[in-house]
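J.: Line order of the protein sequences matches chains B and Z.
Just so you know, we're using this note's numbering here: the first sequence kicks off at 1 and counts up by one.
Just so you know, we're using this note's numbering here: the second sequence kicks off at 204 and counts up by one.
Be a bit skeptical, because a hint or two may be false.
[What the hints assert, rightly or not] Footprint (simulated), chain Z over chain B, 3 or more residues, beta carbon under 8 Å:
| id | segment |
| --- | --- |
| 1 | 10-18 |
| 2 | 32-38 |
| 3 | 41-50 |
| 4 | 68-77 |
| 5 | 91-105 |
| 6 | 117-123 |
Simulated from the structure, these hints should not be mistaken for lab results.
Ideal placement from N, C-alpha and C gives every residue a C-beta, glycine not left out.
Chain by chain, the residues:
2 protein chains.
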Amino acid sequence: MRYPSQTLEKLVAAIASLPGIGKKTALRLALHLVQDKSDKASVLGNALSRLKDEIRFCIHCHALSDTDECSICQAPSRKNGVLCIVENIRDLMAIEDTASFHGRYHILGGLISPIDGIGPADLNIETLIERIDKEGIEELIMAISPTIEGETTSFYISKKLAGRNLRLTTIARGVSFGGELEYADELTLSRSISARIPYKMGT
Amino acid sequence: MRYPSQTLEKLVAAIASLPGIGKKTALRLALHLVQDKSDKASVLGNALSRLKDEIRFCIHCHALSDTDECSICQAPSRKNGVLCIVENIRDLMAIEDTASFHGRYHILGGLISPIDGIGPADLNIETLIERIDKEGIEELIMAISPTIEGETTSFYISKKLAGRNLRLTTIARGVSFGGELEYADELTLSRSISARIPYKMGT
Numbered sequence: 001m002r003y004p005s006q007t008l009e010k011l012v013a014a015i016a017s018l019p020g021i022g023k024k025t026a027l028r029l030a031l032h033l034v035q036d037k038s039d040k041a042s043v044l045g046n047a048l049s050r051l052k053d054e055i056r057f058c059i060h061c062h063a064l065s066d067t068d069e070c071s072i073c074q075a076p077s078r079k080n081g082v083l084c085i086v087e088n089i090r091d092l093m094a095i096e097d098t099a100s101f102h103g104r105y106h107i108l109g110g111l112i113s114p115i116d117g118i119g120p121a122d123l124n125i126e127t128l129i130e131r132i133d134k135e136g137i138e139e140l141i142m143a144i145s146p147t148i149e150g151e152t153t154s155f156y157i158s159k160k161l162a163g164r165n166l167r168l169t170t171i172a173r174g175v176s177f178g179g180e181l182e183y184a185d186e187l188t189l190s191r192s193i194s195a196r197i198p199y200k201m202g203t
Numbered sequence: 204m205r206y207p208s209q210t211l212e213k214l215v216a217a218i219a220s221l222p223g224i225g226k227k228t229a230l231r232l233a234l235h236l237v238q239d240k241s242d243k244a245s246v247l248g249n250a251l252s253r254l255k256d257e258i259r260f261c262i263h264c265h266a267l268s269d270t271d272e273c274s275i276c277q278a279p280s281r282k283n284g285v286l287c288i289v290e291n292i293r294d295l296m297a298i299e300d301t302a303s304f305h306g307r308y309h310i311l312g313g314l315i316s317p318i319d320g321i322g323p324a325d326l327n328i329e330t331l332i333e334r335i336d337k338e339g340i341e342e343l344i345m346a347i348s349p350t351i352e353g354e355t356t357s358f359y360i361s362k363k364l365a366g367r368n369l370r371l372t373t374i375a376r377g378v379s380f381g382g383e384l385e386y387a388d389e390l391t392l393s394r395s396i397s398a399r400i401p402y403k404m405g406t
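Excised from the complex, chain B in its bound form (with noise of 0.2 Å):
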């Protein structure tokens, strides 16, 4: 591609370094940006332009936050002695969207990976012992990906707390609400009818 700027094929560059996204989609972008009558491209300069002095991970459960302890770490009203571990930020705001858990959360930050050469080092598990003992945690959501890497991190995590006074716990998995059996997979099924629960009202 012969570019008619050198700003802008800088600009093109720039912008197809991010994932997913390829020479031609950073072309149109960056010629929507140059045309716009509005002032998107500063606005977005300046974010990003700042973005890394601003931005902090929570010293407690890692997560992105604007200040030192993010705003749940914060809150009085979650430090009910439970606490959930998650994957990534992205699972946070997951489940955080449900507004149905009241706990803390702590990310890991991966999950253990021999192929991807990612070990328990890599994650934070260190702080997450630290925390349960100092915060006085009773009980522990597993809330991580039924994937293999996902299984081997619960088990891993769950021989390293394993004589403390601790209820281990992780979501529930089955078939989806709303889905249906037949298109369920093979597994899934297996294993929701052999982990059978009994049956309630309205469950």
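With the hints as your guide, set chain Z onto chain B.
T.: Chain Z only, in chain B's frame:
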């Protein structure tokens, strides 16, 4: 969606203001930029902040340029009396990529489209006519998309230029090279037959 940080929320909103990018993609890109170890966020931020100061439009052809006169309009080798009019910079770049046109361009900045409220006065047609008279243009190639708006624009320009000693041409239309006849649309195929050309080896 509940954001754990206002900085993140503002960045997601700025990214999602781009065309074709939704909230989910914006969040994915924002989190990538936050967690990226290299300097992507500030590189992109700087490119965007300086964009409006550094980029210009060529005073002759209205293409994007780093200087007041773009590199194509500056090149003496391209002052050959042939001018190619295109709708926008993307079309100019597409033709430049073929390396088969050696004249100069004129960017209209759109097509006449009464339904969108775009009339001839909104396009760079006045400056086109000035250039033709001033620069001694002998041939004008109308490289405009064969849509209703494109045909209207070509017709308007040809009317405006009536009476001048100027060869008006349009890019050839027909079945694509490598295209299979059975998949060509009816209009293209019927026009290809009525506008058939003498057979030459290699055509």
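J.: Which earlier hints turn out false for this structure, listed by number in ascending order?
T.: Number 6 - this is the single hint that the structure violates.
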